[in-house]
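Taken in sequence, the protein lines are chains Y and D. Per numbering that gives the first Met the number 0, the first sequence runs over residues 0 to 366. Per numbering that gives the first Met the number 0, the second sequence runs over residues 0 to 357.
The hints are simulated quantities; they were obtained by calculation from the structure and are not laboratory data. Model, not experiment: these values are computed from the prediction. Quick reminder that beta carbons are idealized off the backbone N, C-alpha and C, glycines included. Some clues are possibly wrong.
Unchecked claim - Stretches of chain D that chain Y covers, calculated by requiring three or more beta carbons in the stretch to come under 8 Å of a beta carbon on chain Y:
no., stretch
1, 328 to 341
2, 346 to 353
Stated by the list, open to error - Pairwise CB distance ranges, derived in the manner of DEER restraints:
no., chain 1, residue 1, chain 2, residue 2, range
3, D, G340, Y, Q321, 26 to 34 Å
4, D, L57, Y, T106, 38 to 46 Å
5, D, T80, Y, K332, 31 to 39 Å
6, Y, G277, D, G184, 52 to 60 Å
7, D, S351, Y, Y127, 22 to 30 Å
8, Y, P328, D, A256, 31 to 39 Å
9, Y, K332, D, E206, 51 to 59 Å
10, Y, D316, D, V212, 41 to 49 Å
11, D, E131, Y, E289, 53 to 61 Å
Claimed, not checked - Not close to chain D: a few residues of chain Y, all C-beta gaps over 10 Å, as computed:
no., residue
12, Q13
13, R20
14, H43
15, D119
16, P172
17, E179
18, Q186
19, E264
20, P280
21, E308
22, N309
23, L322
24, K323
25, R333
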Amino acid sequence: MKYLDEYRDPEAAQRLLTEIRKTATHCWTLMEVCGGQTHSLLRHGIAAELEGTVELIHGPGCPVCVTDQGAIDFACQLAQREDVILASFGDMLRVPGSDSSLLDVRTAGGRVQVVYSPLDAVELARRYPERQVVFFAVGFETTAPATALAVRQADRDGLENFSLLVSHVRVQPAMETLVEAPDHRVQAFLAAGHVCTVMGYESYESFVETYRLPVVVTGFEPLDLLEGILACVRQLEQQQARLENCYARSVQEAGNRAARDLVQEIYQVSDRAWRGFGVIPRGGLELSPEWSQYDARIRFEKQALPVLENEECRSFDVMTGQLKPTACPHFGKRCRPETPLGAPMVSSEGACAAYYRYGMSADHATA
Amino acid sequence: MSERERNLSGSWQLNCPVLLLTTSDCVTLAHGEGGRLSRKLIQECILKTLQPVSSLCLNDAAPLPRSERPLAMTTDSYVITPLFFPGGDIGSLAVYGTVNDLAVSGARPLWLTLSLIIEEGLPLAVLERILESVAQTAAETGVQIMAGDTKVVPRGAADGLFINTAGVGELMDPVPVGPDRIQAGDELIVSGPVGQHGIAVMAVREELGVEPVPQSDSGSLFPAVENLRHKLGARVRCLRDATRGGVSAVLHEWAAASDMTLSIEERLIPVTPEVRGISELLGLDPLHIANEGTMLIAVEQGAGAEAVAELQGLPGMSGAQKIGEARERGIAAVTVRRTLGAEQPLADPLGSPLPRIC
Chain Y
0 MKYLDEYRDP EAAQRLLTEI RKTATHCWTL MEVCGGQTHS LLRHGIAAEL
50 EGTVELIHGP GCPVCVTDQG AIDFACQLAQ REDVILASFG DMLRVPGSDS
100 SLLDVRTAGG RVQVVYSPLD AVELARRYPE RQVVFFAVGF ETTAPATALA
150 VRQADRDGLE NFSLLVSHVR VQPAMETLVE APDHRVQAFL AAGHVCTVMG
200 YESYESFVET YRLPVVVTGF EPLDLLEGIL ACVRQLEQQQ ARLENCYARS
250 VQEAGNRAAR DLVQEIYQVS DRAWRGFGVI PRGGLELSPE WSQYDARIRF
300 EKQALPVLEN EECRSFDVMT GQLKPTACPH FGKRCRPETP LGAPMVSSEG
350 ACAAYYRYGM SADHATA
Chain D
0 MSERERNLSG SWQLNCPVLL LTTSDCVTLA HGEGGRLSRK LIQECILKTL
50 QPVSSLCLND AAPLPRSERP LAMTTDSYVI TPLFFPGGDI GSLAVYGTVN
100 DLAVSGARPL WLTLSLIIEE GLPLAVLERI LESVAQTAAE TGVQIMAGDT
150 KVVPRGAADG LFINTAGVGE LMDPVPVGPD RIQAGDELIV SGPVGQHGIA
200 VMAVREELGV EPVPQSDSGS LFPAVENLRH KLGARVRCLR DATRGGVSAV
250 LHEWAAASDM TLSIEERLIP VTPEVRGISE LLGLDPLHIA NEGTMLIAVE
300 QGAGAEAVAE LQGLPGMSGA QKIGEARERG IAAVTVRRTL GAEQPLADPL
350 GSPLPRIC
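Here chain Y stands alone, though its shape is the one from the complex:
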């Protein structure tokens, strides 16, 4: 397949693996920021191939996993209202809230509609004028522009029955929170290529300067990841900390100007509660005051609810690279995709789900 097979060529991958092994004089610890990268590293067997050469630990980069449980609870409440259709991306449906998931609510008769694009939610609002359509706007900077477009479209069409439950999160503040923890183990970052495609990577200059850690913008295919890893290892071996772009076919330094402008027009940066992390300063986006009539939290006057996160789930440790999913005492035993204790096991981008899917060991499989 064009633009895909050439980045999955096994021979080229083997050459890069050899080069990485040759370059590394000891085992470096790299963090892949994005859950999509975690899945790709495990799916294509890269993490296993590099065992002993590079330790790959997974970062906070699954927007589904880090969506605040309070937001999920509110979405569930909205979906139970007679007058509401709650529109959501598919992989949010299984994530547990305090006492139910959107899938549970749908089973019980709530109106939950899977959409593939925020514009589909606008179309729903057009089709069902007698109902309030609320789009559960989840995701990093990658999905924020599409949500912004949906707001503009709804506004242009004069739709008064459309609103957003905005839960967009920003990657870089989470990376800062991570490396400011005194016991962090990260020696270099593979930055999330799709986020940089939208937002560019200029802002990482100051990050690299402040924290003296290499940051390499990296894609998602096996060769992208291997090139990103090699670039990190080379910098570490040379005791350098630079910003590099190994995903040039998609990412430009300034990102996508039109998308950035749109994000700036519709949202403002805000503090945001991240599941497992607590509140991350400047860690999210919310609708700016000019667009607040589309804010579902205001429209439906959300009351703060007690959030009951499952205390047994060690998602914070997993999402900060402190704990490998397979080292969690519940992994593959009480915590499995059909009975998840927390979001990282249920989300399609979740680190625990990735390890379960691609790297589960025999004792876990039969436990």
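Assemble the complex: chain Y is given as a structure, and chain D must be docked to it using the hints.
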């Protein structure tokens, strides 16, 4: 103003409500209540359309001819949105699905029943089109429709039309022994590209707007099964159409039945560019996506190449491939070897696949 509204607005006009309903171009609740309208629907729409492939009579039960061979029986229900999709519709799906369940069990499909659960308001033209498709598919696959039933449920109680079938077939000799007899070294074959039906239905249902539009693989497996039985005889261990849960679900069932590890290679699995593209976009694995005319076959060690060659010579089976083999139970029940050669467990599908966020 509709005809119904015109009739109702003239209070002086004494119209029988039944008369009103007979002029409807949609199925109404009255069509399912056993009276004159029911008979009219059955005789003028259903029986008339199915006549060439039907021995339907209005008795309570249909007599079946005596059979020399042991019989096999199956039943299935068909629920799909939309009713028409690229490469098929609910009518052809119901016939192919039942025929295939018999075929992969080693039976020659002979007779079907056809039970229609119709939602009030379904346009009669749609029902007729689906029945024509049933008739055409039954003729193609050589099955007779022996009995039927029609129910009409209120609007909102069904999704347009549900179809339930039962199928009876004659067991051929030899009947494949079944997945519990899979042995180490047995070879695993898929009869064509995987995931086409599920992706085709999803693409139209969700209006994904992709070009070219993916096509369902919906079709009859019986000619291929008959051919394999004829050419390979008892060397065919078992067969299964890879419907809901896709190839992965079948492999997990077989691995559980045989206590073997079933190991496949990603690079050998046939996937069309359309299916692959949409799956990559939505984060779905083609191995988990439903098929309607693609089967998995396990054959004795050494028989794989011959089975693949036989299949590839049949219409619609040019994509048949050997994709893996059975081994003594190892790290997991089902494994897949991906890009760099590492062998990994293949997940058992958990419910329906959900598209991811990014």
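Numbers of unmet hints, in rising order: 9, 12, 14 and 15
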